[in-house]
Amino acid sequence: MKALHEIRPGARARLTRFVGGDRSFHRRLMELGFLPGTSVRLVRCVAVGDLVELEVRGSHISLRRSEASELRFELEG
Amino acid sequence: MKHAVPAARSGSKLPVVAIAGNPNTGKTTVFNRLTGSDRKVGNYPGVTVERHTGRLDLPSGRAIEIVDVPGTYSLSARSREEEIAIQAVAGLAPLEPPDAVVLVVDATQLSRNLYIVLQVLELEVPLVVALNMMDSLVARNEEIDVARLSRDLGVPVVPMSGSQGTGFEELAAQIERVLADPQVGTPGSRWIPVTEALSADVSAVSSKLPREWTRSSASRERALALWALLSLDESDEWAGIPAELRAIVIERRVLAQAADRHIDLEVIRGRYGWIDARIDTFVKRKGPIAKSLSESIDAVLLNPVAGFAIFLVLMAIVFQALFSWTDPLMQLIEGGFDSLSGVISSVLPSGLFQQFVTGGVIAGFGSIVVFLPQILLLFLFIGLLEDTGYMARVAFLMDRSMRMLGLHGRAFVPMLSGYACAVPAILATRTMERQRDRTLTMMVIPLMTCSARLPVYTLVIGALFPAGVLLGFVPTQGLLMIGMYLFSTLMAFVAAAVLSRTLFKATAVPLILELPPYRYPHWPSVLRMMIQRSKAFLFQAGGVILVISIVLWALLTFPRDATLETRIATARAVVATQSGSPEEIAGRQVSAEDELRAEVLRSSYAGRLGHAIEPVIAPLGFDWKIGIGLIGAFAAREVFVSTMGVVYGVGDSVDEESTTLRAKIKDETRTNGSRVYTPLVGLSLMIFFALACQCMSTLAAVYRETKSWGWPVFLFVYMTVLAWVASFAVYQGGRALGFE
Numbered sequence: 001m002k003a004l005h006e007i008r009p010g011a012r013a014r015l016t017r018f019v020g021g022d023r024s025f026h027r028r029l030m031e032l033g034f035l036p037g038t039s040v041r042l043v044r045c046v047a048v049g050d051l052v053e054l055e056v057r058g059s060h061i062s063l064r065r066s067e068a069s070e071l072r073f074e075l076e077g
Numbered sequence: 078m079k080h081a082v083p084a085a086r087s088g089s090k091l092p093v094v095a096i097a098g099n100p101n102t103g104k105t106t107v108f109n110r111l112t113g114s115d116r117k118v119g120n121y122p123g124v125t126v127e128r129h130t131g132r133l134d135l136p137s138g139r140a141i142e143i144v145d146v147p148g149t150y151s152l153s154a155r156s157r158e159e160e161i162a163i164q165a166v167a168g169l170a171p172l173e174p175p176d177a178v179v180l181v182v183d184a185t186q187l188s189r190n191l192y193i194v195l196q197v198l199e200l201e202v203p204l205v206v207a208l209n210m211m212d213s214l215v216a217r218n219e220e221i222d223v224a225r226l227s228r229d230l231g232v233p234v235v236p237m238s239g240s241q242g243t244g245f246e247e248l249a250a251q252i253e254r255v256l257a258d259p260q261v262g263t264p265g266s267r268w269i270p271v272t273e274a275l276s277a278d279v280s281a282v283s284s285k286l287p288r289e290w291t292r293s294s295a296s297r298e299r300a301l302a303l304w305a306l307l308s309l310d311e312s313d314e315w316a317g318i319p320a321e322l323r324a325i326v327i328e329r330r331v332l333a334q335a336a337d338r339h340i341d342l343e344v345i346r347g348r349y350g351w352i353d354a355r356i357d358t359f360v361k362r363k364g365p366i367a368k369s370l371s372e373s374i375d376a377v378l379l380n381p382v383a384g385f386a387i388f389l390v391l392m393a394i395v396f397q398a399l400f401s402w403t404d405p406l407m408q409l410i411e412g413g414f415d416s417l418s419g420v421i422s423s424v425l426p427s428g429l430f431q432q433f434v435t436g437g438v439i440a441g442f443g444s445i446v447v448f449l450p451q452i453l454l455l456f457l458f459i460g461l462l463e464d465t466g467y468m469a470r471v472a473f474l475m476d477r478s479m480r481m482l483g484l485h486g487r488a489f490v491p492m493l494s495g496y497a498c499a500v501p502a503i504l505a506t507r508t509m510e511r512q513r514d515r516t517l518t519m520m521v522i523p524l525m526t527c528s529a530r531l532p533v534y535t536l537v538i539g540a541l542f543p544a545g546v547l548l549g550f551v552p553t554q555g556l557l558m559i560g561m562y563l564f565s566t567l568m569a570f571v572a573a574a575v576l577s578r579t580l581f582k583a584t585a586v587p588l589i590l591e592l593p594p595y596r597y598p599h600w601p602s603v604l605r606m607m608i609q610r611s612k613a614f615l616f617q618a619g620g621v622i623l624v625i626s627i628v629l630w631a632l633l634t635f636p637r638d639a640t641l642e643t644r645i646a647t648a649r650a651v652v653a654t655q656s657g658s659p660e661e662i663a664g665r666q667v668s669a670e671d672e673l674r675a676e677v678l679r680s681s682y683a684g685r686l687g688h689a690i691e692p693v694i695a696p697l698g699f700d701w702k703i704g705i706g707l708i709g710a711f712a713a714r715e716v717f718v719s720t721m722g723v724v725y726g727v728g729d730s731v732d733e734e735s736t737t738l739r740a741k742i743k744d745e746t747r748t749n750g751s752r753v754y755t756p757l758v759g760l761s762l763m764i765f766f767a768l769a770c771q772c773m774s775t776l777a778a779v780y781r782e783t784k785s786w787g788w789p790v791f792l793f794v795y796m797t798v799l800a801w802v803a804s805f806a807v808y809q810g811g812r813a814l815g816f817e
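Residue numbers (my numbering), protein chains in the order written: chain A, 1 to 77; chain B, 78 to 817.
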């Protein structure tokens with residue numbers, strides 16, 4: 001299982017689970033299609049803004065790097 | 078809390094159709110196109126979320142009311158705005174249920190958009206799906222089987238394009254159809270809990286649902302039970318939820334956790350399971366996946382170097398435009414109102430009424446209208462930034478820096494605009510969704526050095542600080558001006574950091590920021606927003622500004638000296654008999670008149686008030702004459718200059734470059750012969766102007782945006798206290814260090 005910082009920008013990974021306890025954050029991510037098992041692409045990491053941009057189900061969602069660390073992935077391929 | 082039905086509704090008995098959907102689906106464009114010119118902006122009861130309504134005449138001629146509901150990704154809320162959206166769609170108290178809902182769906186992101194469609198279907202609210210942005214599918218090599226989608230969802234689906242204006246007749250026809258026969262739009266839930274455990278949770282929660290929510294519909298009961306299971310817990314912020322309902326939800330969640338079940342995941346996965354099983358039959362791929370143009374653009378615009386450079390250039394353009402491009406127009410408006418005053422003075426007989434009309438009413442209107450160029454221009458920029466999708470990138474680029482100050486990334490544009498003028502900047506806080514972010518930004522914006530402070534700084538610096546150069550090339554006067562900009566920016570940052578950690582302390586909400594595809598701006602929507610914001614300012618903040626300027630006029634005018642005009646005439650006549658050239662005599666006549674007018678002002682209520690506040694402002698180095706200036710400056714900071722002109726008997730038409738006024742100020746002495754204005758007093762005065770909320774229009778704008786008097790009062794008090802303390806520290810500190 002990998003955290004987001006272990007994934008190379010441009011790579012795809014499969015979301016496995018959420019760690020941590022912010023229910024409404026996790027719930028909203030799931031409602032946006034970030035369900036365990038879903039394929040997610042890490043579009044870019046921007047150091048200046050400290051944000052990551054993810055693509056899920058064709059939409060582009062960005063999260064703060066620290067908050068995105070609650071997501072766990074396994075690499076596809 | 079039970080609120081009255083919104084006013085727009087109680088008067089008429091029109092059927093109400095709510096337009097809802099995900100953010101960035103072109104929902105507002107659809108709303109604008111559907112409704113004619115008969116639109117209203119109100120507020121939802123008890124909150125400052127705007128409620129946009131309009132009228133639509135259906136094909137049959139029947140009229141309906143359309144409500145634009147705030148955008149939301151789902152029916153579980155992360156903000157007050159989303160709560161409103163949910164209440165408006167589901168018809169939960171205090172809002173009444175709509176007669177039908179139109180969900181605007183982005184055809185290019187069908188899978189995610191269908192999630193909320195399924196939720197609304199569960200609630201059995203008559204539904205029409207507006208499948209928007211159909212025109213964008215071609216470029217993506219995709220096609221949607223609309224008939225199939227409509228069949229599987231069980232409701233009318235209308236393919237359309239809001240920006241191109243296609244599909245609206247069909248949408249109106251389908252709304253009519255659903256209103257005539259609600260069954261057409263309420264096929265019932267597409268998905269029901271399959272596991273026994275979840276069904277048990279649902280029936281346990283159902284029993285505690287208020288009767289008026291469920292309206293004895295089994296499907297709706299199940300939907301609301303699922304909603305409660307997903308939305309409620311120990312720390313949810315929903316008001317008006319029966320305690321026993323919340324208790325049973327918490328109980329079921331504890332049970333589920335013990336059994337290693339995850340209710341949220343089960344429910345959300347259930348809905349997405351339905352979608353995923355069918356999405357490939359809805360969306361047909363016609364060719365290879367097209368490389369996303371937006372992603373290529375973002376490779377540049379979100380680039381840490383190039384992206385930031387472009388961002389700074391764009392913001393510089395916005396700032397420059399607000400700061401100087403609007404200037405000719407504003408001068409034209411001011412000139413126009415001046416000429417109007419002139420015309421009225423010549424028509425009306427001179428006297429109190431004439432003074433009231435010109436000095437109170439027309440000047441008041443003038444100070445409202447003068448903001449329009451900046452408001453229109455700023456909302457042109459904001460409209461373009463929002464419509465193209467760039468505003469989301471601004472939030473993306475600025476998130477980190479703004480977060481350190483406790484502000485939202487989107488607060489950047491309003492804060493920057495504050496350097497030109499706080500009024501349009503405060504209106505621009507609308508670009509943020511959360512009320513907390515908006516109000517916090519409004520409390521900080523007025524600290525930025527706006528253009529109205531410049532005349533005051535110019536006057537003080539020009540009069541009290543010698544022109545000279547530092548280190549051989551740095552002009553000291555310019556340096557002082559830059560210093561004032563830096564000081565105000567720093568104070569705004571400090572205020573933001575402090576307020577966000579105290580009064581606006583909020584549990585950190587993790588950021589979920591959608592970066593929508595770049596799109597061409599839809600000009601009619603941009604124009605509409607410019608007009609709407611300007612109108613709202615004119616009618617709502619304008620009234621307050623008008624009243625305050627009349628009050629200020631009265632303070633500066635009363636008690637009247639009825640003999641003033643005769644005394645002026647006498648003084649002029651006396652001067653006329655003196656010897657000298659005609660020019661000299663005319664000059665002396667004017668000075669004699671200015672001197673008398675100064676005398677009247679000094680004995681006016683404002684003059685007395687100036688005396689009354691002298692003990693308070695004396696520790697800052699100010700005398701009562703400056704006190705009068707401060708009172709006059711409440712209308713607008715630059716009025717300080719003309720008020721001081723009258724106080725010192727050099728007339729009210731002086732500007733900050735006036736050498737006579739500068740000389741008067743320089744030479745003004747106290748009774749003991751010491752000078753009133755030393756450089757230290759000048760610095761103290763500038764610090765005071767930098768920090769005090771000397772601007773009725775700012776307060777009126779905050780009132781308009783927060784719909785409460787509490788916030789403008791808080792703003793005024795905290796800024797004035799801050800200004801007093803800072804000026805006190807500067808003046809007394811300076812004296813302690815041996816300066817005068």
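These are computed hints drawn from the structure, not numbers from a lab.
Note that the structure is predicted; figures quoted are calculated from it, not measured.
Just so it is clear, CB atoms sit at the ideal spot from N, CA and C, and this is done for glycine as well.
Some clues are possibly wrong.
Unchecked claim - Ranges between beta-carbon positions, derived for each pair:
| hint | chain 1 | residue 1 | chain 2 | residue 2 | range |
| --- | --- | --- | --- | --- | --- |
| 1 | B | Ile366 | A | Ser66 | 29 to 37 Å |
| 2 | B | Ala336 | A | Thr38 | 35 to 43 Å |
| 3 | A | Ser66 | B | Val798 | 51 to 59 Å |
| 4 | A | Arg41 | B | Val377 | 45 to 53 Å |
| 5 | B | Glu311 | A | Arg41 | 16 to 24 Å |
| 6 | A | Pro9 | B | Ala336 | 47 to 55 Å |
| 7 | B | Gly413 | A | Arg41 | 18 to 26 Å |
| 8 | B | Val794 | A | Thr16 | 47 to 55 Å |
| 9 | B | Ile318 | A | Pro9 | 52 to 60 Å |
| 10 | B | Lys582 | A | Ser66 | 16 to 24 Å |
| 11 | B | Ala216 | A | Thr38 | 47 to 55 Å |
| 12 | B | Arg228 | A | Arg41 | 44 to 52 Å |
| 13 | B | Ala316 | A | Ser66 | 25 to 33 Å |
Each hint tested on the structure:
1. Ile366/B x Ser66/A: 29 to 37 Å: holds (32 Å)
2. Ala336/B x Thr38/A: 35 to 43 Å: violated (24 Å)
3. Ser66/A x Val798/B: 51 to 59 Å: violated (36 Å)
4. Arg41/A x Val377/B: 45 to 53 Å: With a Cβ separation near 19 Å, arginine 41/A and valine 377/B fall outside 45 to 53 Å, so the hint is violated.
5. Glu311/B x Arg41/A: 16 to 24 Å: violated (36 Å)
6. Pro9/A x Ala336/B: 47 to 55 Å: violated (39 Å)
7. Gly413/B x Arg41/A: 18 to 26 Å: violated (57 Å)
8. Val794/B x Thr16/A: 47 to 55 Å: holds (53 Å)
9. Ile318/B x Pro9/A: 52 to 60 Å: At roughly 43 Å between Cβ atoms, proline 9/A and isoleucine 318/B fall outside 52 to 60 Å, so the hint is violated.
10. Lys582/B x Ser66/A: 16 to 24 Å: holds (19 Å)
11. Ala216/B x Thr38/A: 47 to 55 Å: violated (25 Å)
12. Arg228/B x Arg41/A: 44 to 52 Å: violated (32 Å)
13. Ala316/B x Ser66/A: 25 to 33 Å: holds (31 Å)
The structure fails to meet hints 2, 3, 4, 5, 6, 7, 9, 11, 12 from the earlier list, while all remaining hints are met.
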